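Protein chains in written order, with my numbering: chain A, 1 to 110; chain B, 1001 to 1116.
If you're looking for bench data, these hints aren't it; they were derived computationally from the structure. Just to be clear, a hint being listed does not mean it is correct.
Straight line, CA to CA, 30 Å or less: simulated DSS-like cross-link-like pairs of lysine-lysine [to be verified]:
1) B:LYS1057 to A:LYS97
2) A:LYS79 to A:LYS59
3) B:LYS1014 to A:LYS42
4) B:LYS1014 to A:LYS69
5) A:LYS105 to B:LYS1009
6) A:LYS57 to A:LYS79
7) A:LYS105 to A:LYS57
8) A:LYS79 to A:LYS105
9) A:LYS97 to A:LYS79
10) A:LYS69 to A:LYS57
11) A:LYS69 to A:LYS105
12) A:LYS42 to A:LYS97
13) B:LYS1009 to B:LYS1057
14) A:LYS105 to A:LYS42
15) A:LYS97 to A:LYS63
16) A:LYS63 to B:LYS1014
17) B:LYS1057 to A:LYS63
18) A:LYS59 to A:LYS69
19) B:LYS1009 to A:LYS97
20) A:LYS57 to A:LYS97
21) A:LYS57 to A:LYS42
22) A:LYS68 to A:LYS57
23) A:LYS79 to A:LYS42
24) B:LYS1009 to B:LYS1071
25) B:LYS1071 to A:LYS97
26) A:LYS59 to B:LYS1014
27) B:LYS1057 to B:LYS1014
Some chain B residues judged to face chain A by a derived CB distance under 7 Å, without partners named [said to hold, decoys possible]:
28) LEU1043
29) ALA1050
30) ASP1103
As the structure is a prediction and not an experimental result, all values here were calculated from the model. Where a beta carbon is used, it is the ideal one built from N, C-alpha and C, also for glycine.
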Amino acid sequence: EDQVTQSPEALRLQEGESSSLNCSYTVSGLRGLFWYRQDPGKGPEFLFTLYSAGEEKEKERLKATLTKKESFLHITAPKPEDSATYLCAVRRGGYQKVTFGIGTKLQVIP
Amino acid sequence: NAGVTQTPKFQVLKTGQSMTLQCAQDMNHNSMYWYRQDPGMGLRLIYYSASEGTTDKGEVPNGYNVSRLNKREFSLRLESAAPSQTSVYFCASSEAPLAGGTDTQYFGPGTRLTVL
């Protein structure tokens, strides 16, 4: 059974204080690891897809990296508008379905 | 483009009542999905449709039915609502993960359902 574990469950940062969110996964034949951002009362918003170990993608203050067992979402010099819940998900090769983690709730304080 | 739209945004039902949640996408995607999101549980797949004319069960299908009306629309029906179905429901769509298309799922804004 595919599993996704995100840590920490919640993270509180001062504005400008860089940090990383972790997504550990167990899946046979990874065919995609996804990061989403979810604001309160809204649907998940797509951020990144990573396909192979060593791959990295960046968008503004966010950088996602992938190893064979985990992915990190690095947040550099965060701003209050980066406050949200960040979700990680994985897809197994040959399967349509995606398994989501519970998420990390990030709060950035001015 | 509106992306993925869902109606209604909010709904309150009494136990035993039925209702249909509507979802439509304008991205010409082949695959569509229904999830529920509960505190501490994450997103769980209820049903999905890999392509027009096909539907398959996900992780938590009991108490739900779906209809892929056409390529754009995918509805979720609760025949006899129960308090355990109180949740936030999200619809999503993607190109065609098993046919070489990109597998990124794009989500709608959600329907907040309360069953009393």
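Practice item. Verify the proposed pairing of A:LYS59 with A:LYS69, using a straight-line Cα cut of 30 Å. Key: The given pair, whose Cα atoms are some 23 Å apart, holds under the 30 Å limit.
Point to revise | Straight-line alpha-carbon gap A:LYS69 to A:LYS57, limit 30 Å | key: At roughly 17 Å apart (the allowed maximum being 30 Å), A:LYS57 and A:LYS69 satisfy the hint.
Point to revise | B:LYS1014 paired with A:LYS69 [C-alpha distance capped at 30 Å] | key: violated (45 Å)
Check your understanding: Is the Cα-Cα distance between B:LYS1009 and B:LYS1071 30 Å or less?
Key -> This hinted pair holds, its Cα atoms lying about 22 Å apart.
Practice item. Take the C-alpha atoms of B:LYS1057 and A:LYS97, compute the straight-line distance between them, and say whether it is at most 30 Å. Key: Roughly 10 Å separates the two Cα atoms, so the pair holds.
Review point. Holds or violated: is there a CB of chain A closer than 7 Å to the CB of B:ALA1050?
Key: With Cβ-Cβ at 5 Å, under 7 Å, it holds.
Check your understanding: Taking only the CA atoms, is the gap from A:LYS105 to A:LYS42 under or equal to 30 Å?
Key -> holds (14 Å)
Check your understanding: Regarding the pair B:LYS1014 and A:LYS42, is the alpha-carbon distance no greater than 30 Å?
Key -> holds (25 Å)
**Study point:** A:LYS105 paired with B:LYS1009 [C-alpha distance capped at 30 Å]
**Key:** With Cα atoms ~23 Å apart, A:LYS105 and B:LYS1009 stay inside 30 Å; holds.
Check your understanding: When you check the alpha-carbon spacing of A:LYS79 and A:LYS105, does it fall within 30 Å?
Key -> holds (14 Å)
Review point. Given the hinted pair B:LYS1071 and A:LYS97, is their alpha-carbon gap at most 30 Å?
Key: holds (19 Å)
Exercise for review: Measure nothing beyond the straight line between the CA atoms of B:LYS1009 and A:LYS97; if it is 30 Å or shorter, mark the hint as holding.
Suggested key: Holds - the C-alpha atoms of A:LYS97 and B:LYS1009 are around 25 Å apart, at most 30 Å.
Checked against the numbered hints given earlier, the structure breaks hints 4, 9, 16, 17 and 26 and satisfies all the rest.
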